[in-house]
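Those sequence lines, one after another, are chains S and Y. Going by UniProt numbering, the first residue of the first sequence is number 1, and it counts up by one from there. Going by UniProt numbering, the first residue of the second sequence is number 1, and it counts up by one from there.
Treat the hints with caution; some may be incorrect.
Some chain Y residues judged to face chain S by a derived CB distance under 10 Å, without partners named [stated by the list, open to error]: (1) 11; (2) 13; (3) 28; (4) 30; (5) 42; (6) 47; (7) 83; (8) 91; (9) 107.
Quick list of in silico lysine-lysine cross-link-like pairs, DSSO-like style, CA-CA up to 27 Å [as the list claims (entries may be wrong)]: (10) 107/Y x 153/S; (11) 492/S x 107/Y; (12) 492/S x 195/S; (13) 24/S x 106/S; (14) 106/S x 364/S; (15) 364/S x 492/S.
Every beta carbon over 12 Å from chain S, so not counted as near; a handful from chain Y, in silico [to be verified]: (16) 16; (17) 31; (18) 57.
Hints were generated in silico from the structure; no laboratory data involved. Built from N, CA and C at the ideal position, the CB exists for glycine as well.
Each chain, written out:
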Amino acid sequence: MINLLLFPVLIPFLTAMILMFFPKRVSAQRTVTVVGMMASVISSAILLYTVMRDGVQAVTLGSWPAPFGITMVSDPLSAGLVLTSNLITLAIVFYSFRSIGEGREKHFYYPAMMFMLTGVNGAFTTGDIFNLFVFFEVLLMASYVLIVLGGEKRQLRESIKYILVNIVSSAFFVTTVAMLYSVTGTLNMADIAAKITEIGQSGILTVIAVMLILVFGLKGAIFPLYFWLPSSYAAPPVPVLALFGALLTKVGVYAIMRTVTLLFPHDPGFTHEMLMILAILTVVAGCIGALAYFDLKQIVIYNIIIAVGVILFGVAQMNMAGLEGAVFYLIHDMFIKAGLFMLIGVIIAITGTSNLREMGGLMKTYPALAWTWLIAAFGLAGIPPLSGFFGKLLIVQGAFEADNLWGGIIILASSLIVLLSVIRIFIHAFWGEPKPVKGTSKQIYRGLFVPAALITALTVFYGVGTEWLRPVMFDAAEILHQPSIYIDAVLKE
Amino acid sequence: MEILMSVIIGFLFMAAVYLILSRSLIRVIIGTGLLSHGAHLLILTMGGFSGSAPPVLADGVTDFVDPLPQALILTAIVISFGVTAVFLVMAYRAYQELETDNMTLLKGNDEHD
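The following block holds chain Y by itself, in its conformation from the complex (with noise of 0.2 Å):
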């Protein structure tokens, strides 16, 4: 299960990697969705598979699955989605600002604005 999930998890940050070095915008961002994916599926790796109840006081459970990643990933979840948000937003603004979506005409430089 572990190798399994380090493939997925190298996957996708390869796919990442590939989509944010690409020329459009949009590419650029749905990289960066891809890398958060890609670390939030390694947290869940490195707190183990190990356990097999759900982490909930029962009677006759011993062996719980650890908490802690899972409210780890949640909250890294919410940060990411929020992130995406906002750089999409900021992404539509400065299409329609700039007029292009193409990085390497957004170089610019201190000369001419």
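If we strip away everything but chain S, and leave its shape as in the complex, we get (with noise of 0.2 Å):
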């Protein structure tokens, strides 16, 4: 029973709301979000050193007993993608000073930004399905400002169909929870967990579970649901595309991962096979868009969905190894798409263009940006010791463990195609004949690379501090694996 855990997203908010009195004051509003980003990471370093210490923190607002309160649960999972969640975006508000341009920071950027983390965090806390929603809809609405901020044709063209997508998928989930609700009589994620481990599962409930993973899916674009994701996403400029790539989609995948462990493991021949089914299809499906596009922002948002197949296809095995490899792999995959999206922001400064036909030659001009580049790649592909080799390899032991072995060699055949457009990228931007380029002032190079280059540094550390960062994963995937300790923890205060 500490309030720790209520920081990280509280936080945020009040930053966001001091933030919203004097919007046309750029650096004012630049150093006050840069302290509540502090402030916000310090307090969810705490948050996550305290649950590794103590084990699960639970909170129930206004001193309500646990199934009827709205509880807020900390497990190692939870407080350690807040810590991720918050490092990206103290590195994209630092980024943002030199791209993001003086006309949209006078009109709400960095409030949007900071409402934003508040929903995410919020929506890792939550242990409520209907407060689950509330933070959804946060966060959805801090990303319809961001989507749209600007007001260009296209960010117009494209956030109309993101809102609609999106208002569609929240209807969907109102209806899910107003039946799982009638199903349980309660909305609190252990006691729902706790009911239908006595009721056992019934087709209703298998139903609702499939519902569930529509409507989350929906949001974290696994096939055939990610058809909206590739055109919103590019519309925005770099800054807000890195936050959305980094984490908006993560915070369906972490719902699903949540819903499929805790609510519903009972029928996993039905629920899970399913869902192994289309993270492989979304997984096909993002190697193909990935190679399709000659456009920077295309290939590297076609990653996104393919990340997003290899971690459910890792949830969806249901043994230690898939689950250690799957939360090892989300937060190496938000680093990493966060870090690849900043670096191609650089190139689209230094070259003016994202498409990959009209630059070339970079490495002369810009060599610390190349081989920054060719880490964040290899990274991203997971060729040891960087960060994506080892959430790769556990979800692999464990497809191999549960005899999915068609399963485990498509996702490792993946990794190739994902490490062969990546390098495409490479090979078209930085080797061949040097292109005229629109070229960009030092300052402005300095002020995007170094943040982008911090990014791929910690997803270096992240890769080889792997031995030091395994007990957190250890203990998220055991909770993931052992739902009563998710339940006890909140249940029995």
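Both chains are given apart, each in its own frame, so use the hints to dock them into the complex.
Okay, structure coming up:
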């Protein structure tokens, strides 16, 4: 019973409210945002430390006893994800100084970012299914602002589709929560899990599980529900794209992880089998997309979809190795996607285009950028000892243990395609004859490159320091594997 | 009562889907409104219609209505109200910029903006 786990939700929220009082004073906006983010990062680091030391932390708002009030729960998985999102947002704040433009900064760019982080952290922390819906709406509302901010033609066109898809999925979410409430009579996730264990997972509950996968799959972009993602994400400027690519889809993936392991683990023959097939199809569809485009943004966006497939494939194995690999890969993917998007932002700032055919030879003029890109690309593909390796290794091990031989082989083969797709960027952009580029000032280049390189360095540490991070991932996977730990932590205060 | 409500909810969903699939942007927005109304009515129905007294503690009253679905609907209505307002403003801005509200003309692709 500590309030610590509310701080990563409340600090960005308060920061956003303070920021809204003086939108036109850009330097004050930047300072307050950075101070707020620092506080949020520190509090979430302390939270992760506390969770690792004392076990799962739960607080029920208003001191109601557990199943009746709204519960917030921090286990190693959610605390780790909260810390990750805070670190990424901090890096993207620094990145935005030189790239987002004063016009957007004066029109509530930073408050929208902070509100989105509030929603993301809240969705990771909450232990109440309806509260999850509310936090989803908080982050979606902020994302509507971010995606349309600037009001370019393309942004307006794509944001209409984005908002429509999300309204439909929210309506489905409310419907599903209503059905779940009528069957179990409670909204607390731990309590729902306990009740479902008691009454058994009947047919209607499996239907509800599939509906939840559908709702979160629409937000987390699984096959065939990812159709809206590539064009919507390509519309906003690069910092917003990095924020969306690193955080938004991962919230959906986290929600799927949580619901299929905590609420509906009793009928794996149907729900998890379905999830596994969808995950493999997601990987295949993402691979096709990643190879089909000659556009920097699109290639990396399709890599988001591949990663979602890989993570969910790990979850669908429902054994320790698969789940631990999924957790490892989830956090790796958040960092590496933020890094990759920030790096392509640097390339776009230098060349003035995102079309691969119109660039080349950057190796001579920007060697540091080239080598950073290569490291990030190897990390994404999972070349040891970089960050993607260990997660994928565990996922494939989990697949082999669960006798899903072909699935594991497809995941392994997809790594090659991932590598090919990002190395293609390396070859076209950095090798070859230098082409005339727009160029950019030293100051802007440094302002963009330093945060991107820092995030990439962080992914290298994440890969090399696997041994130190292992306890966090192991505890997170253990709670996913044995929901009773989570249930007891919430219900037996 | 449950049967009647189910029919109404189904009808609302049907109308919503019809409107969302139409070409005009304003009809799409009205469709999303109907969709959320259907979802709200569904919460009310799923909470059950038992209970005769309002959920306020008073002497001698034991048969309460379940207050939770009402709290949920209140939250959901506020959210859908806000989202609809944002959507309307965005549609108006898009109409000003793009000079059309026809969804088939809003397809676009990466090559031309």
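**OP:** Output the numbers, in ascending order, of every earlier hint that fails for this structure.
**Re:** 1, 4, 11, 14, 15, 16 and 17
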